[in-house]
Amino acid sequence: MDNESKTYDAIVIGSGISGGWAAKELCEKGLKTLVLERGRNVEHIKDYPTAMMNPWDFKHHGRLTKEYVDKNPLITKCYAVDESTTQFFIEDADHPYVQEKPFDWIRGYQVGGKSLTWGRACQRWSDYEFKAPHKYGYGLEWPIGYDDVAPWYSHVEKFVGVCGNKDGIEAMPDGEFLPPFDLNCVEQYMKENIAENYPDRHMVHARWAHLTEPNEIHLEQGRGKCQARNLCTRGCPYGGYFSSNSSTLPWAEKTGNLTIRPFSVVHSILYDDKTGKASGVKIIDTNTKEEIVYNARIIFLNASTLNSNLILLNSKSERFPNGLGNDNGLMGKYICFHIYRAHAGGIIAGFKDKYVYGRNPTDAILANYRNLKEQDTDYVGGFTTFLGAYRKRVDKLENSDVQIGANYKHAISEAGDWRVYMYMQGETIPKATNRVYLSPDQTDQWGIPLIVTDVGYDENDDKMVADFLEQSTEMLQKMGCTEIGSSDNHQAPGLDIHEMGGVRMGKDPENSLLNEWNQLHLCKNVFVTDGACMTSTGNQSPSVLYMALTARAATYAAEEFRKGKL
Amino acid sequence: MNRRKALKLTAGVVGGTIIGSEIFLTGCVNKEKNTGLFSKVDIDLLDEVGETILPKTDRSPGAKEAKIGEFMKVIVLDCYSPKEQEVFKNGLTELKRKAFMGQSPEERFNYLAQLDKETRNLNLEDSLHFFPMLKQLTLWGYFTSEPGATKALRYNPIPGEYIGCVPYKAGDRAWATR
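These protein sequences, in sequence, are chains A and B. In this text, residue positions in the first sequence follow my numbering: the first is 580, and each later residue adds one. In this text, residue positions in the second sequence follow my numbering: the first is 100, and each later residue adds one.
Heads up, some of the hints might be wrong.
Pairs of lysine to aspartate or glutamate, EDC-like flavour, derived with a Cα cap of 20 angstroms [said to hold, decoys possible]:
| no. | chain 1 | residue 1 | chain 2 | residue 2 |
| --- | --- | --- | --- | --- |
| 1 | B | K268 | A | D996 |
| 2 | A | K645 | B | E183 |
| 3 | A | K931 | B | D271 |
| 4 | B | K268 | A | D942 |
| 5 | A | K975 | B | E183 |
| 6 | A | K933 | B | E183 |
| 7 | A | K971 | B | E224 |
Pulled from the structure, derived: some chain B residues nowhere near chain A, Cβ distances all over 10 angstroms [to be verified]:
| no. | residue |
| --- | --- |
| 8 | E147 |
| 9 | S180 |
| 10 | V186 |
| 11 | E224 |
Hints in this document: simulated from the structure, not taken from any laboratory. No residue lacks a Cβ here, since even glycine has one placed at the ideal position from N, Cα and C.
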């Protein structure tokens, strides 16, 4: 590493879904860009060892061993972790943190980060979501609105490839869509049944980052059509879904302006008193433990929500003793997330002459129908419902007391009842009391302070969960479902993997950390465009907004750089 | 990238998979202290239990062809808790005491059908019993095995597209994966 350059035009901290976008935009605009990644390299296709394996190729047919689960009680709570995907998640012991209240922090430390294993839902925020927190008094006013982001949503959607249908729903604006995945016959029935019973509730096709019909721009990325295998979290050798690895990073690399440095955990961003700007980044090589400083005129922080908070809080200088840009002391506060606690489902009779071909990697969406244009419940905020139907295998031999043997085997080899399911993604209130901070005395194996999580649910969350359960059960009843079940699993925050905030955007440096271009108010050449920047959570899946905000900020940063202002 | 090119790329991946998967699976090696739990005789016995639950028929192979005894051994050793292993082991002893291997196919069937009836509605969290374990392992192992997934069920590793509504008639095999 002795001959490597130590000075770049821009440094991007993190190579996940937003870091990849920062790298792409900055490199395309001619900036020599260094991407720092704390984990190992993961090369598209080559480093997806399980992608083409059959269920029987796995020693435990997909199941995790007891030893692995016992060693990793945290990460194995994540729905996406099984025998085929552990290579894309951390192991608990390697990366400790302190939970003042239970918080399941799910991490994937490698090039591409969690973009390899993300959920892939890509709904746009509506302007109602940007406005509601301030309007109804449960949050700070965003410095931007839907109109500021809309062209950047388009910019991102075209490149990512988002399937969906233009439904004209106010709660969820339309985007640049590839053809949607089909609704199956039961989902079609659900859609019609909900529309009949609830004129203001709209069940629509998934809006998901899958190439149902690739355009030229996707083929140029070397990506092909989604093969409907539904094995996405192993990495897709077809490039059927979007990840940094399949898309933005190789694209950035083609410009010749990109350098990726894996095994580089960031210690802090360095501040130069003379210029009033950040001068560079101090990293620790995770293998050699060597400290290295890289310099750049622009720094993009995309380390994932909590790690971006951690890095800024740990970026202490004489000018900023409490963390870079943290004069108001609000950094690390107003951590918020999405409520995923509740789900409901049931059996629906009939449709026995219908089946599906292929495996749908998406869920249909019931757009938010709560507190949209006015406050109409006893809690604030809204929720999106993901839902769908699938056909199970038969689970018993009808009209028989004997449930083993030849007839039993034949019976359970056939398709059985259709099952309907719904689960929620609900908005939470950003609060100063939900916060993260640096441990005063504990550090990780590289001497970097551990982060402490002090984040919990509140009464508003409980009311929303109760409403979701009540409404979902009622919808299932009206569909004619039987064996309806529902539950609030009370999972800890974090397991939603939608943690946001701590370095929120706002108009006023007194009560926010970032301006309308995601620049630190007090250190303008540092941009934070991952989940840490979020002023509120909305109820849509956040990744595509992070991507849009990143592309917008990076374009602005490159222009300012060219003008010599950064 | 058209589909054919993608498939070619895939072939490369498959080549790399075998090595990668072996590396990947090294975390799952059996703890040596436990391997004494299963002898060749035990595996043969478990194969016959599995075959009685899901026998070979004119339509599809039986559980023995899926090497169900070997599969049960792997899962019990690697994924079961010591308490569950104990219950499973006692079950093996019980089957031997009943001289299961010496029984005729009819006797085996009647014995296991009766055991199944007695244990079908047990709440496994409160009352562990070896037969629901055997049945679960047989069903899961068989339908995710190559013979079970591809012959008893339909398996398509690369569907190529998703079609939301296709006809189905009684007797059609279910898809092996969702």
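Hint-by-hint comparison with the structure:
1. B:K268 / A:D996: holds, 13 angstroms
2. A:K645 / B:E183: holds, 12 angstroms
3. A:K931 / B:D271: Holds, at roughly 11 angstroms.
4. B:K268 / A:D942: violated, 26 angstroms
5. A:K975 / B:E183: violated, 25 angstroms
6. A:K933 / B:E183: violated, 40 angstroms
7. A:K971 / B:E224: violated, 24 angstroms
8. E147: holds, 13 angstroms
9. S180: violated, 6 angstroms
10. V186: Given a closest Cβ separation of 15 angstroms, the condition holds.
11. E224: holds, 16 angstroms
The structure shown violates the earlier hints numbered 4, 5, 6, 7, 9.
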